[in-house]
Each structure stands twice: as C-alpha cells, then as structure tokens.
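Number of protein chains: 2
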Amino acid sequence: MALKTLIEEANNEGMNIMFSSKPRWVDVKPAIDVVPGMKENLVLHAGPPVSWERMCSAQKNGVAGAAVFEGLADTLEEAKAMAAAGEIEIDACHDHATVGSMTGITSASMPMMIVDNAPYGNRAYINVHEGPSRNRLTYGAFNREVEKNLIWIRDVLGPALADAVDAMGGMDIVPIIARSLTMGDECHNRPTAGSALFALRVLPVIIDNGLEREQLAKTARFLGETEHFFFHLGMAAGKAMTDAMSGIPYCSVVTAMARNGTEVGIRVSGTDDQWFIGPAADIEGSYFSGYGPEDAEADIGDSAIMETTGLGAFAMAASVPMAYAIGGTAEDAIKYQESMAEITVTRHQAYQVPTLDYRGTPVGIDVRKVVHTGVLPIIDTAIAHKDGGEIGVGIARPPMECFSQALRELHRVTKASSAQARS
Amino acid sequence: MALKTLIEEANNEGMNIMFSSKPRWVDVKPAIDVVPGMKENLVLHAGPPVSWERMCSAQKNGVAGAAVFEGLADTLEEAKAMAAAGEIEIDACHDHATVGSMTGITSASMPMMIVDNAPYGNRAYINVHEGPSRNRLTYGAFNREVEKNLIWIRDVLGPALADAVDAMGGMDIVPIIARSLTMGDECHNRPTAGSALFALRVLPVIIDNGLEREQLAKTARFLGETEHFFFHLGMAAGKAMTDAMSGIPYCSVVTAMARNGTEVGIRVSGTDDQWFIGPAADIEGSYFSGYGPEDAEADIGDSAIMETTGLGAFAMAASVPMAYAIGGTAEDAIKYQESMAEITVTRHQAYQVPTLDYRGTPVGIDVRKVVHTGVLPIIDTAIAHKDGGEIGVGIARPPMECFSQALRELHRVTKASSAQARS
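If you read the sequences in order, they're chains A and B.
Numbering that gives the first Met the number 0 applies: residue 0 is where the first sequence begins, and numbers increase by one.
Numbering that gives the first Met the number 0 applies: residue 0 is where the second sequence begins, and numbers increase by one.
No lab work stands behind these hints, which were simulated from the structure alone.
Not one of these hints is a red herring.
In the DSBU-like style, the derived pairs of lysine-lysine whose C-alpha atoms are separated by at most 35 Å in a straight line are:
id, chain 1, residue 1, chain 2, residue 2
1, A, K28, A, K79
2, B, K334, B, K368
3, B, K147, B, K385
4, A, K21, B, K217
5, B, K28, B, K79
6, A, K28, B, K217
7, A, K385, A, K217
8, A, K217, B, K21
9, A, K334, B, K334
10, B, K147, A, K217
If you want the footprint, here are the derived chain A segments under chain B, 3+ residues with CB under 8 Å:
id, segment
11, 185-198
12, 205-216
13, 317-325
14, 354-366
None of these values were measured; they are calculated from a predicted model.
Beta carbons are placed, not taken as given, at the ideal position from N, Cα and C, and that holds for glycine.
Just chain A, with the same shape it has in the complex (with noise of 0.2 Å):
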C-alpha cells in the first residue's frame, strides 16, 4: 500500500479514537495518590520537559511556590535552591497523563480532577482551577492569599468536588462543551457558558452532600464567579481523547502541543510520546492596563490541548467576543478558525459552530499540512507576567520548526517499519 494511503488509514483511525472517547469526570483525589509516577519531591510543570537552568521565571516560580505550599521549603529562594540541587524534581506533566494551564504547576497534594475515558481505559488528570484572581500559582505567583486558596482548594473545595461528582456517578465533559460552543465559548480563553452550565449541574449536589454552609456559600460563589473553572476538565478530556490516539503507526496527527515559556514541544500520533521542540514564540496580544509586551512571559501552558482538539482558536466562529478581546472582528473570528481547516483532517462532529449552520470546527492538525502549507495553527492564550500574575489574552503560533522535525521523524520511523516490512 502507499505510504499516502497507510498515512490516510491511520489518521482516520486516530480521529476516529478522539471522536468515539468518552471523556468522564469520574472523581478528585491528591495528586500523589493518582497521578502516575508522582512523587511528594516532584513538580510537574507545564510544556515539554525543561531543565530548572533553562526554566522560565513564571514556572520557576510556580515550582518554588509549590515547594513552599508543600512544606518542602520554608521560603521561595530556600525552595529555589533546592530545584537547583535536584532536591526538587521537576518534569513535564504531559508525561504524567496531565496538563495544567499556564505555567501548569501541579504538586503532590493537590486534588486533581480524574477524566475517564471508558472506551480506552485510559484516565487523564488536571489540577482544580484557582479561582478568578489574576494572582494564582498557576500565573506563576506565590503569596499569602495564593496559599491560602490552594489550603481551600486542597482542604474545601476538592473534597467537595470529589463528593459532588460521587453522588452524580460521573458527568460527561463532551456534550457540556458542544453546548457552551452555543453559547458565545471558545473553551479555552472563553470558556464562560461551560463553567455556569457546570456550576448549576454540581452546586445542587453540593448542597445535598451537606457541606457546612459558610463553605457552602463560598463555593457557590467561587463556582459562580470563576468563568475558567470548566475549562481545566475542557482540557482533561483533550488530553484524555489525545493520550488514546497516540502511538498509531503511520499516523500524522498532532497529539500535543504545550509551551514552558522557554520552549515549545508537539507530539504527533505516528511517534507516540517523542517532543520535537522549539524556541517559544511570543504572544500577539491585548494587555490589562498597566502593563505590556515587556512583561510578558513568552508562549506557556498546556492549554493548547484545547486547540488540539478543535477548540479555542479552532472554534473562534463560535465566540466573536474572544476574537474581539485580541483587537478582532467578527469576521476575523471565522477567518482564524477557518484558516485552520488547512491543516485539519476532519471536522468535529460534536463541536459544531451555530454561525456557521453548525459546520463542525477543524480538528486533527496534520504536521505534513502545516509543513506543506506553511499555515501555523493558532493557538488562544492567555499572558503571564515574568513574576507572575495574569497580565493579558493573546494568540500565538508554534514554531515551525516542531512541525518539520516532528515530520522527518514520522517519515524515518516510517520507512524504517516499512523496510522491516519487507525484510
């Protein structure tokens, strides 16, 4: 057969996977106690793996944030010190079956929330979100109030959460996202409609489960006002519809793309769980008064996985408010998703954009269009300050050169197994 057409099959069959996984949110439970190779001395961060030399400053940060939080080290610097001698560890949480957003920082004993995906027996695994203050661990900061709410989070909110989604036996994330993209979301930096559909699915449950009522106030307002909190199980249920199709031979389509602020790393299907890497790009975008591109951190977060699985950028049509939030019009919102069905396989055939009489976003990037094209995939995100902090939304695109590697290496393995074919 040639190679075009094994190439063809396989990609067909690695949507296939994304569109039959059914992702689950089926539990929360400590980071230590789930996430595969965790340890109490690991941090994960997000974006390929990076050495804490060639960190950036958000995610250095995050990491001795998380130390502190974790009772590893007293103070920032003490912790700093420690990742510096290896007494901290560090790795990608791409490899751990997690993502994190932004600098993506993920330790032991945070509550993750647990994605099933049934069909493949695989879980994926994404830490809760942090609430609506632009000063989160997430964005790299560390402070008073950022333990405080990660001690809630740890203490309040996740065991609630994990009874919530107990008495509920599982809530599907899929058809939650298809109706947000009804609603004005993107799912990545918009993901407001999905996080208030959440919201009045899981409060009720809440409040049966009889959580005292001060938290219970609490919640119901930290739920309410956080527009982003559906968006990590968004991005669990991509990472858990993306681990499922990796590692199909032949198979050209883009599994991961994730950025440390140092680097940018995809992984395509066709090479399973190999990084082809390059520098970060910088980020075209609006910031929050007060604040510029000299601020920024480069290109960082998990979040891509969103764009991966034909949302955010992907599905601009669908939310003309975010399109509007980095200088654009409602035009522009069709034209950067459109533009991204050069490089796609296929069409959802759950996320399915009104506007556009419900034509499904471009899933499935394909790293030889991208390299044959020329055309980047566009990625929504949001901006860290170098110190941390949320400063801004923006979009930015992967380098090319990921997509070239990553496209000679398919091309390697390939012959190689072909010529192992014949022998």
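Go by the hints and put chain B onto chain A.
Using the frame of chain A, we list chain B on its own:
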C-alpha cells in the same frame, strides 16, 4: 413645526426614555400587596382586555386554575361558572403595570417580582416562572402537580427570592440581558445564558440567608433547570421601560404588543394606554413530537414586550439556535432581525450582537413605518395547547389592522392637538 418633525422629536424622546431607564429588580411581594388595582377575586391575563365569552380556551383554563389555587372555587367547572357570572373578575395584565407570559394568568397571592425604574419613578410586575415542566398554569394547565408547584413558589421560592434581592440591594437587569446576547440568547424564547448568570448571582445569597437545606437543594435545581427563569425579569424590565415612555404627544413608537389568543392589541406612546386590536394570528411553528397546528392556541402572551424593546426576533442574529428551532438557518437569523430595521426608529444602545460586530438591535417600532412598508413585527413565541401545556415554538406577526388603526388614531389626536394649539 412640521408634523413630521414633531413626531421625530417625540420618537427620539421616547427612545431616550427607553435607553435611560434603569430597570432594577428590587423586591418580591404578593400581587395583592403591590399590583395596582389587584383584588382577591381578580385574575389578570395576557393581551388586551377580553370578555370571558371571547377568551380562548387555554386562558379560560388558566383563569379557572388560578381561582381554584386562590380558594375562590373548589373545581375548575365552578370557577368557570363564577367567571361567566362575573364573580371572578378578569382584566389585562398590561392595565395593572404587569406583564404575563403565554396566558399571563396572575392572581392575588402569587409572589410578584418587582422591577423599579428609578429615573422615571415607575414599577412593573411579573409573577415567578413556574419551572421547566411543560405543564404550567402559564400554559393554561392546572392539576394537582401544577398546584403543588404554585404553592411551593408562593411559600418557599418567592420568599427566598425576596430575601435574596433584599440582601443584594437589588439587581440591574439590562447588564445581564446585554451579556446574555453575547452568549447565544435572544432573551425571549432563548434566555438560557441570562437565566444561568442570574442563578449564579442569586444562589450564593440564598445560601447565606439560611434557607433550610432540602428547600435550598430544590431551589438550586429549580433555578439551574429553569432556562426561562430570567425571561420573566426581562419582560418586567421591558414593561418598566415602555410604561415610562408612554403618553408622549406625537410619539409613534409602539409601547406594547400583547396577545390573548383571541386578539392582538398594540399600544403607541402618542395615544397612551389606548389599545388597537386585531384578530390573533396563527403561529408558523415547530411542534414537539405528537403535536400539530390543530392542537395549537393562536398567538398568546405579553412576552412580545421583548420585541417591543429590541429583543426576541429583533435580536435573533444573536441566537442562531433560536432560528434553527423554527426551521431557519444562520442567514435567516440575521434576516429576521435586520428586516426589523425597516420599521424601527434606531439601534439599541445596550443590546448588541457580537456576530454583527456589536451592532445594536433594531428597536422602537414606528407604526408609521409598519404601515408604509407593510413589514409587520416578528415575534418569537412559544405555542400553547388549546387544553393547556407547551407544545412548540414559532414566530408570529401581529395583524396590520392594529397598526393602521393606531396610525389613524395618532393622526386624529395630533391633528386635534395641533388645532388646539392654533386656536
């Protein structure tokens, strides 16, 4: 000054009043305590005034159900006999600073959501939405289950909402409507996002206020599942704005379109509270499985107050799912909305549609333009079964004779006042 100029200045004044109104939800109290002219044996209904004999079947059922609910009669039959005998009185909601959806049935003990319009010193009233069931008194249905729910609303939900709005110090309605237009709502038949935003604002306060836990869980489920809940506040906001702009000499802007299933009535600012009546139109609709046009009551409800204030069909471009619900496309959604620009005075200043680059919705129906262009206003509407219950959604257009009568009368009174001015 030329009559045309007088009318245009009056219309601008009218629209300025609409845009500078500040409808704010401030309280919940029993109708008997707050609705102007309310009496123990009075049942209010949607649409222009109608005699018992000419009242449509669903509305008669509603009046009878309300009478039983109020303890005025023991059975629906007895209630109907009492209404026929004038022992139970009926009158139009609109004539009591009130609006009601579908049959509009409103009786003495029902908790009313009170909307204050501080800049103009007027208030509007509406009862509390009965929830997600297709069988509601609002749709002319009455049985043990409907009654039980009405009692719960009267005894539990109404007081809980009263306490909540008191603790919140009121809630502005326009900002929630404006936001919901960026989330797929047209705010009449699709008020899903607005209801979610409302619920997430109110629930934490209801929790604070100490509502007993079982009722709290029920309330949280009710608000989460009642996608039309906020629609009622939108209607009362519309009534508050249009009442404030009523009675401006020369103003040719429509201040009410209301249907009772038998007739449609409209009001025009320059002729104050005079009704102009025509026969109720049939609805071009989509029916729920098992139902068809032969089961349907004709166009009914005060809900066209939404269209009167630039929402519903006048904002359908914001809500492609609504266009699909009635068999249209994304392009149709824009066409429905934009065709209304032919008959309106201006564009709304606060209600904007993202996919049209935040253009304001057409607003301020000018009877002159309706008569001269022959374009009738479009109304998004639900469909009631003749025997009660919700059986579909569709669009309706009020009859031209309402507008031509109104225009004739407006000319008559303006000529009269011009003559008086000259004498």
